[in-house]
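Q: Listed below are the residues making up each chain.
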Amino acid sequence: MMNHLARGFTPSSFIVRSLVGGLFWWIISEGDASSWMIGLPSVLICSLVSLRVYPPSPYRIHPLGLLRFAGYFLYASLIAGIDIARRTLDRRLPVCSCMTDFTTQLTGLPLWLFMITMSLLPGTLSVRTTQKGLKIHCLDTPDKIQPELLRLENHIARAFSLTQPPH
Amino acid sequence: MSLLAILQSFLLIAGALMFCIGSLGLIRFPDTYTRIHALTKADNLGLGLIVLALILNVESVALALKLLLIWGLVMIASALSGHLVAWEADEQCIPLCQPGETERHLESEDE
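Residue numbers (the numbering used here), protein chains in the order written: chain A, 1 to 167; chain B, 1 to 111.
These are computed hints drawn from the structure, not numbers from a lab.
Some hints could be false.
[Claimed, not checked] Below, in silico cross-link-like pairs of lysine to aspartate or glutamate (DMTMM-like), each with a Cα-Cα straight-line distance of 20 Å or less:
{"no.": "1", "chain 1": "A", "residue 1": "K135", "chain 2": "B", "residue 2": "E59"}
{"no.": "2", "chain 1": "A", "residue 1": "K135", "chain 2": "B", "residue 2": "E91"}
{"no.": "3", "chain 1": "A", "residue 1": "K132", "chain 2": "A", "residue 2": "E148"}
{"no.": "4", "chain 1": "A", "residue 1": "K132", "chain 2": "B", "residue 2": "D90"}
{"no.": "5", "chain 1": "A", "residue 1": "K144", "chain 2": "A", "residue 2": "D101"}
{"no.": "6", "chain 1": "A", "residue 1": "K132", "chain 2": "A", "residue 2": "D143"}
{"no.": "7", "chain 1": "A", "residue 1": "K132", "chain 2": "A", "residue 2": "D101"}
{"no.": "8", "chain 1": "A", "residue 1": "K132", "chain 2": "B", "residue 2": "E91"}
{"no.": "9", "chain 1": "A", "residue 1": "K144", "chain 2": "A", "residue 2": "D83"}
{"no.": "10", "chain 1": "B", "residue 1": "K66", "chain 2": "A", "residue 2": "E30"}
{"no.": "11", "chain 1": "A", "residue 1": "K135", "chain 2": "B", "residue 2": "D90"}
{"no.": "12", "chain 1": "A", "residue 1": "K135", "chain 2": "A", "residue 2": "D101"}
{"no.": "13", "chain 1": "A", "residue 1": "K135", "chain 2": "A", "residue 2": "E148"}
{"no.": "14", "chain 1": "B", "residue 1": "K66", "chain 2": "A", "residue 2": "D32"}
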């Protein structure tokens, strides 16, 4: 039983996850000191369970890359909202519903982040993963979407310190 | 009225308007896939503007972070649920529809 639980357990990953969990608890309880009586055991148990359910990944996050990605994402999601408002309020409804494929080398956590953020950026929505990459629904013709997707892919590759995807 | 209150009112009203536009898009857009676009993107920006307005007069750092955390979690939830609806629609082979067309697969179900 203990061996079963201990799979994927390393002291450093446990400490990191406990610190992140502790930060979450501090935020949720708005810094209430008396809440730690419940908070501390919860955080430790959650860290243990999380290591069992989702073992430490080999990806190394690059802080500067992540910051750049966050900035780009905030800006692009603002544009996405304005873009959708423009299309919705236009009398002619300038929308073109079409599917396109996007070849990507990303896998695992970066791919997951790519799919999630893509759905919040202008004109793209991830539909499913295919053998080569992703099936994407877009509101414009695919050739307008591709450069944006490449830029997003590059941002994510940099945030995870991956080598540049070959395109 | 202070400058802060004016800025906050502006952000709150803009945020609420974005939610309305998202709902309007849900009605106006031609098919399942385009409707998901309208909801996820407009609501994300709407919530972002509202969170920003509320953060402006928050006194504790923890509360400001809590509001940001709510925004982040809602963002992940809406993107993920949008993806799942699109995935299921694709699985059921729901056809794409351009503006002005009627959704044929819905008509045949009515008969």
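Q: For every hint, state whether the structure bears it out.
A: Status of each hint after checking the structure:
{"no.": "1", "hint": "A/K135 <-> B/E59", "result": "violated, 45 Å"}
{"no.": "2", "hint": "A/K135 <-> B/E91", "result": "holds, 12 Å"}
{"no.": "3", "hint": "A/K132 <-> A/E148", "result": "holds, 19 Å"}
{"no.": "4", "hint": "A/K132 <-> B/D90", "result": "holds, 18 Å"}
{"no.": "5", "hint": "A/K144 <-> A/D101", "result": "holds, 13 Å"}
{"no.": "6", "hint": "A/K132 <-> A/D143", "result": "holds, 18 Å"}
{"no.": "7", "hint": "A/K132 <-> A/D101", "result": "holds, 9 Å"}
{"no.": "8", "hint": "A/K132 <-> B/E91", "result": "holds, 18 Å"}
{"no.": "9", "hint": "A/K144 <-> A/D83", "result": "holds, 14 Å"}
{"no.": "10", "hint": "B/K66 <-> A/E30", "result": "holds, 7 Å"}
{"no.": "11", "hint": "A/K135 <-> B/D90", "result": "holds, 10 Å"}
{"no.": "12", "hint": "A/K135 <-> A/D101", "result": "holds, 5 Å"}
{"no.": "13", "hint": "A/K135 <-> A/E148", "result": "holds, 15 Å"}
{"no.": "14", "hint": "B/K66 <-> A/D32", "result": "holds, 13 Å"}
Going down the numbered hints, you'll see the structure goes against just number 1.
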